[in-house]
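Undergrad: Turn these sequences into a full structure, and let the hints guide you.
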Amino acid sequence: MKRVLLATVACGLAGGAALLADAAVGRWFQDVTQEAGVNQKHTNRSFDNPYAKIMAGYTALGASASVADYDGDGYDDVFVTDSKLGGKNHLYHNNHNFTFTDVADQAGVADDNDDQNATADSLWFDYNNDGRPDLFVVRFGHSKLYENLGGGKFVDVTKKAGLDRYSNAITAIAFDYDRDGQLDLFVGSYFQPINIFKPDSPRFFPENFETANNGGGVTVYHNNGNGTFTDVTAKVGVALSGWTLDMGHGDMDNDGFDDFYVACDFGTDHLFHNNGNGTFTDITEKAIGFDTKKGMNVDWGDYDNDGLLDIYVTNITDDYMREGNFLWHNNGNLTFTDVSRETGTAETGWGWGAKFFDFDNDGWLDLYVVNGWVSAGKESYVPDIFSMIVKPGIDLADARNWPPMGNKSLSGYEKKKLFHNEHGQSFRDVAAQHGVDSTRDGRGVAVADFDNDGRLDLFVANANSEPYLYRNTMPAGPHWVQFSLEGTKSNRAAVGAQVRLTAGGMTRLQFISGGNSFAGQSSNRIHFGLGESSKIDRVEVRWPTGQREVFSGLVADKLQKIVEGKGTKTK
Amino acid sequence: MSRRTFACLAARLFPVCLLLASPMTGADDAFDKAERALASKDFDSALGSFEEALTADPDNLRNASEYRQATIQKAIAGHPKEGSPADFDREIAFFGKLTEANPKASNAFLNYGFSYVDKIPAAGSITQVILANNALGYFTKSIELKSTWIALYTRGNSYLYWPRIFGRAPLALDDLEKAYAMQKAEGKKSYHVRVYISLGDAYWKTDNLDKARAIWKEGAAQFPDSTPLKDRLARDGDALKDYIDNVLDPNKRVDTNLRELWMTQ
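Protein sequences appear in the order of chains A and B.
Residues 1 to 571, numbered by the numbering used here, are exactly what the first sequence covers, in order.
Residues 1 to 265, numbered by the numbering used here, are exactly what the second sequence covers, in order.
Keep in mind the hints are simulated off the structure, nothing from the lab.
Owing to the predicted nature of the structure, the values given are computational and were not obtained by experimental measurement.
Check each hint, because a few of them may be wrong.
To be verified - EDC-like, lysine to aspartate or glutamate: derived pairs with alpha carbons at most 20 Å apart:
| id | chain 1 | residue 1 | chain 2 | residue 2 |
| --- | --- | --- | --- | --- |
| 1 | B | 211 | B | 177 |
| 2 | A | 415 | A | 453 |
| 3 | B | 81 | A | 342 |
| 4 | A | 558 | A | 540 |
| 5 | B | 252 | A | 319 |
| 6 | A | 561 | A | 453 |
| 7 | B | 252 | A | 379 |
| 8 | A | 286 | B | 177 |
| 9 | B | 241 | A | 319 |
To be verified - Partial chain B-side listing against chain A, Cβ under 8 Å, derived:
| id | residue |
| --- | --- |
| 10 | 124 |
| 11 | 127 |
| 12 | 165 |
Cβ coordinates follow ideal geometry from the N, Cα and C atoms, glycine included.
TA: Take a look at the structure:
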């Protein structure tokens with residue numbers, strides 16, 4: 001009997017190993033963009049002003065994808081932006097069979113590109129804590145807040161919420177920085193708040209390439225809990241005027257208060273430590289040092305499973321500009337060390353959105369990075385730009401001094417990178433193997449399990465091009481678990497909640513982000529790859545309020561809902 | 001042996017050192033003072049004394065080179081990695097004034113160019129381009145005043161750091177072939193290995209791999225212990241490209257120490 005049992009166990013283990021071995025080869029992502037019905041093209045905004053030809057080279061932006069289950073049907077949907085004049089944004093409702101229906105018009109969120117506004121990004125966040133994700137459409141112009149009324153309907157509440165102002169906004173995140181149970185809004189702007197559609201001065205370009213401080217900076221809006229917001233930027237200690245491209249939040253020192261990182265084009269990134277009293281301290285110099293790079297993306301994740309959140313920032317690395325990205329390894333003492341070179345994640349061309357996610361469910365966070373600025377004609381724009389740069393005494397802030405790009409390319413046709421995490425030590429690019437190495441000008445990455453099969457899929461927003469929806473078709477084998485969290489005392493979407501899961505002798509950390517990574521918002525579900533472990537030993541949830549709950553006996557390969565203070569429910 | 005005596009002895013042994021030998025006692029005294037200050041890590045005093053030595057003897061290659069190395073030492077001691085960009089502004093300003101006051105001093109212009117090169121790894125990627133471009137301008141001025149082996153090698157090597165798209169590799173080839181011809185006419189010197197390396201890189205960068213390998217092989221025959229030559233000859237295709245790209249990474253400090261010119265043969 002004992003021998004039979006041993007043989008059975010051995011066969012089981014061997015079978016599991018074989019499945020994992022199968023999963024180690026093959027192409028695991030399938031481009032399903034067309035058949036899924038999400039193939040509407042993004043088009044860059046063309047301007048109609050004296051600087052239009054010059055601006056065209058620097059505004060190839062606005063393609064984004066943001067994921068949320070806006071109708072609470074248990075399947076993640078995705079909002080995808082366009083930027084051209086009159087171009088419609090798309091709210092792709094998930095039909096539960098890996099097809100989607102664009103319901104933006106019916107929902108009232110399609111028409112946000114007019115002659116005074118161009119959509120740049122979007123963010124789902126539950127601003128009124130009613131359990132329904134609301135939609136913030138980030139625009140060059142006046143950004144818009146749509147309240148989700150339920151039943152597939154949205155209404156513009158921007159003015160009522162106190163958010164109606166002109167800014168050349170390009171990114172937004174939402175998290176509860178003061179732990180009052182409400183999601184606060186952080187808006188990053190690229191250009192300073194001049195009317196970019198009809199500028200009254202030509203001096204609105206970056207004053208230099210490495211320390212420019214004439215950009216749009218960051219605006220912090222405190223959520224008053226009554227449907228309105230107050231600009232508290234100065235009060236909380238966030239005084240920035242750089243060319244913000246992205247922001248990301250995470251709790252760098254595990255003190256229960258989320259900190260945040262600002263990636264700036266043309267200059268220094270900034271890292272703000274949350275003082276726990278409703279203010280922040282800029283700790284850039286001590287924590288990461290002053291850089292001169294072109295920061296494009298911020299994502300936080302514990303890539304080495306040491307219990308501390310690390311940060312990935314893309315920059316520009318081409319043969320004419322060898323900046324290298326940052327993989328900021330968290331040293332645990334409010335300082336970080338860039339290990340991008342050591343880990344093989346430094347060079348991704350003209351980097352844009354990048355996202356940590358465990359695509360093969362092995363328990364280690366992998367990384368997908370999109371890139372490419374302008375893919376046009378064969379002629380390169382590089383000599384033009386460098387001819388300008390070396391002109392003595394040139395006034396770079398004056399747009400008229402910048403050469404028009406015309407049909408030239410700049411860091412175009414770059415291959416995307418899918419970095420497989422090699423046990424927290426290094427990363428290996430497997431993008432070509434898995435069919436996700438396209439050469440379109442990528443901007444945003446959104447990660448979600450659109451068919452609830454435990455395998456994370458990818459939505460990629462491309463500038464001036466169709467997006468990609470990649471379905472993860474990895475063979476069955478590695479185990480996983482997903483958690484949908486609902487706050488009761490904490491903000492209802494549980495943004496900022498950390499989950500520590502122990503299985504197979506390893507503890508992993510994940511958290512719910514409020515829109516981290518450039519031009520992409522991923523699912524707010526927590527997803528853990530468990531590898532060969534079908535048993536979960538322990539799950540600890542640290543809610544945004546700071547309260548901790550520990551669970552045991554949870555089952556693998558399921559989506560489970562956890563409500564703050566009320567236990568779990570397997571779906 | 002005082003530095004002046006050493007320099008004079010070296011000058012007899014080694015023609016390039018004629019550029020270094022100077023009858024100016026004041027300059028040598030200031031140089032010796034600078035060296036003593038440097039030994040005790042008194043960087044500010046050292047830099048001041050080097051400047052005094054150079055003001056007295058503006059075309060002195062040795063004094064200029066040691067001044068720049070002291071600047072680099074101070075920068076690295078004061079800031080992590082490669083120093084702060086501002087650490088190099090003093091020497092740039094000094095060479096600016098020195099060349100303005102001595103418009104015929106070819107070595108001063110050469111070192112003016114080097115002072116921009118020294119700043120490159122501490123600077124951001126766009127500033128690197130501006131600095132490299134400035135350096136090229138002063139290397140050219142130096143060559144216009146006196147077309148020496150070191151100036152031609154330096155400018156030719158600098159062109160190699162520019163991405164292919166700027167079309168500067170053929171210019172590198174031109175300078176390095178001239179430096180190669182000079183050293184062939186001169187007699188073997190240890191530093192000549194540098195031209196073999198760079199000239200091969202210039203051939204490689206102008207898509208003439210056969211000529212690149214030929215010159216690297218010729219260099220390896222002359223300098224069989226040269227690791228850079230062995231490394232290049234051991235690689236091909238992408239591995240060779242990766243190797244050379246890595247060597248020519250502007251974020252890495254270029255060794256602009258000219259001591260080899262007078263310390264070895």
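Undergrad: Work down the list of hints and note, for each, if the structure agrees.
TA: Status of the hints after comparison with the structure:
Our distance criterion of 20 Å between C-alpha atoms is met by residue 211(B) and residue 177(B), whose separation comes to about 12 Å. With a CA separation close to 28 Å, the supplied pair residue 415(A) and residue 453(A) exceeds the 20 Å bound. With a CA separation close to 16 Å, the supplied pair residue 81(B) and residue 342(A) stays within the 20 Å bound. Pair hint residue 558(A) plus residue 540(A) holds up; C-alpha atoms about 17 Å apart against a cutoff of 20 Å.
A hinted pair counts as satisfied when its Cα atoms are at most 20 Å apart, and residue 252(B) with residue 319(A) qualifies at roughly 14 Å. Between the alpha carbons of residue 561(A) and residue 453(A) the distance comes to roughly 16 Å, so the proposed pair stays at or under 20 Å and holds. Taking the CA atoms of residue 252(B) and residue 379(A), the gap is near 29 Å; set against the 20 Å cutoff, the hint is violated. Distance check on the hinted pair: residue 286(A) and residue 177(B) sit about 48 Å apart at the alpha-carbon level, beyond 20 Å; violated.
Using a Cα cut-off of 20 Å, the hinted pair residue 241(B) and residue 319(A) holds, with the two alpha carbons roughly 12 Å apart. Proximity of residue 124(B) to chain A holds as hinted, the smallest CB-CB distance being about 3 Å (cut-off 8 Å). Proximity of residue 127(B) to chain A holds as hinted, the smallest CB-CB distance being about 6 Å (cut-off 8 Å). A cut of 8 Å between beta carbons decides the hint on residue 165(B): the least distance to chain A is about 5 Å, and the hint holds.
Violated hints for the displayed structure, listed by number in ascending order: 2, 7 and 8.
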